[in-house]
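Novice: Just so you know, the sequence shown maps onto residues 215 to 449 in the working numbering.
Simulated from the structure, these hints should not be mistaken for laboratory data. All C-beta atoms, glycine included, are put in the ideal place defined by N, C-alpha and C. Incorrect hints may have been included.
Derived pair list, reagent style BS3-like, types lysine-lysine, alpha-carbon separation capped at 27 Å [as the list claims (entries may be wrong)]:
id	residue 1	residue 2
1	K381	K401
2	K333	K393
3	K253	K224
4	K255	K333
5	K333	K253
6	K272	K224
7	K264	K253
8	K264	K381
9	K255	K217
10	K356	K255
11	K393	K368
12	K333	K224
13	K242	K264
Listed next, with one range per pair, are the computed distances between beta-carbon atoms [stated by the list, open to error]:
id	residue 1	residue 2	range
14	Y284	K356	42 to 48 Å
15	E338	Y284	43 to 49 Å
16	K253	V295	37 to 43 Å
17	A388	E278	30 to 36 Å
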Amino acid sequence: MVKFVEDELKAIRNEVLDMWALVYDQMKNACDAIQNVDKEKAWDVLIREKRVNAYELKLDCDIEDFLVLYNPVAVDMRFIVAMLKINTDLERIGDFAENIARFVIRQDGEMIDSGLLEKTRLREMADGVLGMLETSREALEKNNISMANGIFEKDNLIDEINADATKTLAEYIAEHPEKAEFCLDFKGVFLRLERAGDHITNLAEQIVFYIDAVVLKHSSDKNNTEQAILRKAKE
């Protein structure tokens, strides 16, 4: 019985990791498509979004079945709860990738001003989000809480670039008023990357919860889990 439960937990973990890899590819392809307004790659993201949704539904069913059949406790219960929440966050990140791909498809075929791409630091922001997504996946794969904790600080850079992009785009509109509509649409890309970063920090929180039974949600200092552990110990 114990061996069977372990096999079921391993299968769920592998499913989550597979979905993680799929969502990573979706986000990477969506961000890559912006550079050259690659509509073919953007359409691929939209088509594969159905796979992300199918993964989410299957994982939900598998997790619910496990809860009903085995009534897990302690670390197994934390793991299952964490995987359920991670599944939801991954699906949302997939939605953001789809939104970015739709931005590319809406363009009239012209290349985006390379100077604007550089000034807004879009590539740096995209690489930051992808790096966070890859590191958080590896943290789960290796049960590495240090890697999970490192995600929170990286999200600060994503927030910074998003805020700076607003100023840069406002300045660009002042110089090129005919591009105002485009810039407003383009700002949506940064907002979705920023939201993706937020959801990736949620992934990291769930990994910390699963491994250490520490709840970091709404914590004022996610970069210092020692404080959270001390608070938990005093309760």
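Novice: Quick one, are K255 and K333 close enough, alpha carbons at most 27 Å?
Specialist: holds, 24 Å
Novice: Hey, K264 versus K381, does the alpha-carbon distance stay inside 27 Å?
Specialist: violated, 35 Å
Novice: Next pair to validate is K333 with K393; report whether the Cα-Cα distance is within 27 Å.
Specialist: Within the cut-off at roughly 16 Å; holds.
Novice: Are the Cα positions of K272 and K224 separated by 27 Å at most?
Specialist: Roughly 15 Å between the alpha carbons, so the hint for K272 and K224 holds.
Novice: Are the Cα atoms of K393 and K368 separated by 27 Å or less?
Specialist: Roughly 32 Å between the alpha carbons, so the hint for K393 and K368 is violated.
Novice: When you check the alpha-carbon spacing of K333 and K253, does it fall within 27 Å?
Specialist: Holds, at about 23 Å.
Novice: Range hint 30 to 36 Å: satisfied by the CB atoms of A388 and E278?
Specialist: violated, 53 Å
Novice: With 37 to 43 Å as the target window, see if K253 and V295 comply at their CB atoms.
Specialist: holds, 40 Å
Novice: Does K264 pair with K253 here, judged by a C-alpha cut-off of 27 Å?
Specialist: Holds. K264 to K253 sits at ~18 Å (cutoff 27 Å).
Novice: Verify the proposed pairing of K356 with K255, using a straight-line Cα cut of 27 Å.
Specialist: violated, 32 Å
Novice: Look at the Cβ atoms of E338 and Y284 and judge whether their distance stays inside 43 to 49 Å.
Specialist: Holds, at about 45 Å.
Novice: Taking 42 to 48 Å as the hint, is the beta-carbon distance of Y284 and K356 inside that range?
Specialist: Taking Cβ atoms as reference, Y284 and K356 lie about 25 Å apart, which means the hint is violated.
The structure fails hints 3, 8, 9, 10, 11, 12, 14 and 17 (numbered hints given earlier, in ascending order).
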